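Participant: Taking the hints into account, I'd like the entire structure generated from these sequences.
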Amino acid sequence: MDEQVQQKFTTYPSQVVVVLNEVREIIFRVAKQDGITELEETLKWGEPSYISKIGTTIRFDHKPKSAEQFCIYFNCKTKLIETFKELYGDTFSYEGNRALVFKLNQTVPVKELAHCISLALRYKKIKHLPLLGA
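Here full-length UniProt numbering is used: position 19 in the sequence shown is 19, and no number is missing along the way.
These are calculated hints, taken from the structure and not from any lab test. Keep in mind that a hint or two might mislead.
Calculated lysine-lysine pairs in the BS3-like style (CA-CA distance at most 27 Å, straight line) [unchecked claim]:
| id | residue 1 | residue 2 |
| --- | --- | --- |
| 1 | K53 | K85 |
| 2 | K8 | K53 |
| 3 | K111 | K63 |
| 4 | K103 | K53 |
| 5 | K125 | K65 |
| 6 | K8 | K63 |
| 7 | K125 | K111 |
| 8 | K103 | K77 |
| 9 | K125 | K79 |
| 10 | K77 | K63 |
| 11 | K125 | K53 |
| 12 | K32 | K85 |
| 13 | K79 | K53 |
| 14 | K124 | K32 |
| 15 | K32 | K111 |
| 16 | K125 | K32 |
| 17 | K8 | K65 |
| 18 | K53 | K65 |
| 19 | K32 | K44 |
| 20 | K77 | K111 |
| 21 | K44 | K125 |
| 22 | K44 | K77 |
| 23 | K103 | K65 |
| 24 | K127 | K44 |
| 25 | K127 | K111 |
On a predicted model such as this, the values are computed, not experimentally measured, just so you know.
Facilitator: So, in structure tokens, the structure goes:
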């Protein structure tokens, strides 16, 4: 784990650490499945962030002001959230065109989230395709 990201994880409540580690593991697993060998883990805007050379940045965070939830953020200038809404509708809760919002106590739809992460990690190669090639 990137040293700055590891430090950020120490600021989260323990139940949040468990959930965000699961999200982090999904990101790395999807990257491996998609053959993405260069995945950068860093801190951007104070949030754990993940970027591949052929994709767009994925960030996630938990904010004390919204203690019961966490968000996974995507570049708002992409078609990602719009595509997620088309593909998965009410499976997710959305924040505008930039985030998926999850309650800490909900079961994360892993298969669907993994697909969304895959689309983001490969975005530069698929952005021209209808529904990002989904």
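Participant: A separate judgement is required for each hint: does it hold in the structure or not?
Facilitator: Here is what the structure says about each hint:
1. K53 / K85: 25 Å, holds
2. K8 / K53: Holds, at roughly 24 Å.
3. K111 / K63: 25 Å, holds
4. K103 / K53: 30 Å, violated
5. K125 / K65: 36 Å, violated
6. K8 / K63: 12 Å, holds
7. K125 / K111: 21 Å, holds
8. K103 / K77: 25 Å, holds
9. K125 / K79: With a Cα-Cα distance of about 13 Å, the restraint between K125 and K79 holds, given a limit of 27 Å.
10. K77 / K63: Since the Cα atoms of K77 and K63 sit roughly 23 Å apart, the hinted pair holds (cutoff 27 Å).
11. K125 / K53: Since the Cα atoms of K125 and K53 sit roughly 10 Å apart, the hinted pair holds (cutoff 27 Å).
12. K32 / K85: Roughly 25 Å separates the two Cα atoms, so the pair holds.
13. K79 / K53: 18 Å, holds
14. K124 / K32: The hint holds at about 17 Å.
15. K32 / K111: 15 Å, holds
16. K125 / K32: 17 Å, holds
17. K8 / K65: 17 Å, holds
18. K53 / K65: 33 Å, violated
19. K32 / K44: 22 Å, holds
20. K77 / K111: Holds, because 25 Å separates the two Cα atoms, which is no more than 27 Å.
21. K44 / K125: Roughly 23 Å separates the two Cα atoms, so the pair holds.
22. K44 / K77: OK: K44 and K77 at ~17 Å, within 27 Å.
23. K103 / K65: Distance ~13 Å between K103 and K65 Cα, so the pair holds.
24. K127 / K44: Given that 27 Å is the threshold and the Cα spacing comes to 23 Å, the pair holds.
25. K127 / K111: 21 Å, holds
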